[in-house]
Amino acid sequence: EPEVTQTPSHQVTQMGQEVILRCVPISNHLYFYWYRQILGQKVEFLVSFYNNEISEKSEIFDDQFSVERPDGSNFTLKIRSTKLEDSAMYFCASSEEASNQPQHFGDGTRLSIL
Amino acid sequence: AQSVTQPDIHITVSEGASLELRCNYSYGATPYLFWYVQSPGQGLQLLLKYFSGDTLVQGIKGFEAEFKRSQSSFNLRKPSVHWSDAAEYFCAVGPLSGNTPLVFGKGTRLSVIA
Numbered sequence: 002e003p004e005v006t007q008t009p010s011h012q013v014t015q016m017g018q019e020v021i022l023r024c025v026p027i028s029n030h031l032y033f034y035w036y037r038q039i040l041g042q043k044v045e046f047l048v049s050f051y052n053n054e055i056s057e058k059s060e061i062f063d064d065q066f067s068v069e070r071p072d073g074s075n076f077t078l079k080i081r082s083t084k085l086e087d088s089a090m091y092f093c094a095s096s097e098e099a100s101n102q103p104q105h106f107g108d109g110t111r112l113s114i115l
Numbered sequence: 024a025q026s027v028t029q030p031d032i033h034i035t036v037s038e039g040a041s042l043e044l045r046c047n048y049s050y051g052a053t054p055y056l057f058w059y060v061q062s063p064g065q066g067l068q069l070l071l072k073y074f075s076g077d078t079l080v081q082g083i084k085g086f087e088a089e090f091k092r093s094q095s096s097f098n099l100r101k102p103s104v105h106w107s108d109a110a111e112y113f114c115a116v117g118p119l120s121g122n123t124p125l126v127f128g129k130g131t132r133l134s135v136i137a
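Those protein sequences? They're chains A and B, same order as listed.
What the first sequence shows, in the numbering used here, is residues 2 to 115, in sequence order.
What the second sequence shows, in the numbering used here, is residues 24 to 137, in sequence order.
Bear in mind the hints are in silico, worked out from the structure with no lab data behind them.
From the three backbone atoms N, C-alpha and C, an ideal C-beta is built for every residue, glycine too.
There may be inaccurate statements among the hints.
[What the hints assert, rightly or not] Which residues of chain A face chain B? A few of them, derived with a C-beta cut under 8 Å, are:
#, residue
1, GLN15
2, GLN18
3, TYR34
4, LYS43
5, SER49
6, ASP87
7, PHE92
8, PHE106
9, GLY107
10, ASP108
11, GLY109
12, LEU115
Model the full assembly from the supplied sequences, consistent with the hints where possible.
Encoded structure:
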């Protein structure tokens with residue numbers, strides 16, 4: 002069964018550094034998402050992306066965050082200047098175009114900010 | 024705004040016992056409802072989904088869930104729990120359109136004892 006893949010599985014970064022989290026969505030999916038889960042808390046929506054632009058973003062997704070689909074397969078989340086509170090598990094998800102299709106999640110990238 | 028409540032933070036059941044995880048939602052219309060499972064260090068795996076039709080839905084790994092509109096509930100059940108079912112379970116609502124984000128509950132951690 003096709004799956005969403007995320008790399009790296011764990012990223013350790015110094016505070017203030019830029020970090021890029023990578024995702025390869027399922028190949029025929031057209032909607033892409035980033036969520037995050039701070040340790041012990043619920044999964045929170047960050048941003049959705051469709052047709053090469055952001056569709057919706059949450060309050061969390063401030064100017065420090067950006068997303069990009071640089072080629073036909075990758076979908077990236079960039080944090081420009083990381084803060085301690087950015088430490089979390091970041092999940093990428095994708096879904097087909099039809100509205101009744103569920104989102105499929107990757108295994109996540111654990112981001113640790115030192 | 025839509026919201027999801029999972030009233031039980033942690034549940035412990037004996038292997039072979041039945042299981043019911045509670046989920047209540049708040050939504051303006053009939054939502055799409057999902058249950059995801061997260062094993063330690065893993066991503067979110069879709070267990071089952073409800074879009075319309077039969078209010079009792081079957082999922083993977085022997086799980087089922089029943090949508091009760093009158094109670095705004097979508098409880099997850101399994102008749103006989105296995106030790107491998109120990110994980111975090113998340114109820115989620117949405118999307119009605121292709122790129123509306125999922126709203127997750129805080130999760131219920133299931134422990135299974137011998």
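Tested hints:
no. : hint   : verdict
1   : GLN15  : violated (24 Å)
2   : GLN18  : violated (24 Å)
3   : TYR34  : holds (7 Å)
4   : LYS43  : holds (4 Å)
5   : SER49  : holds (4 Å)
6   : ASP87  : violated (19 Å)
7   : PHE92  : holds (6 Å)
8   : PHE106 : holds (4 Å)
9   : GLY107 : holds (5 Å)
10  : ASP108 : holds (4 Å)
11  : GLY109 : holds (5 Å)
12  : LEU115 : violated (20 Å)
Hints 1, 2, 6, 12 from the list above are not met by this structure, while the remaining hints are.
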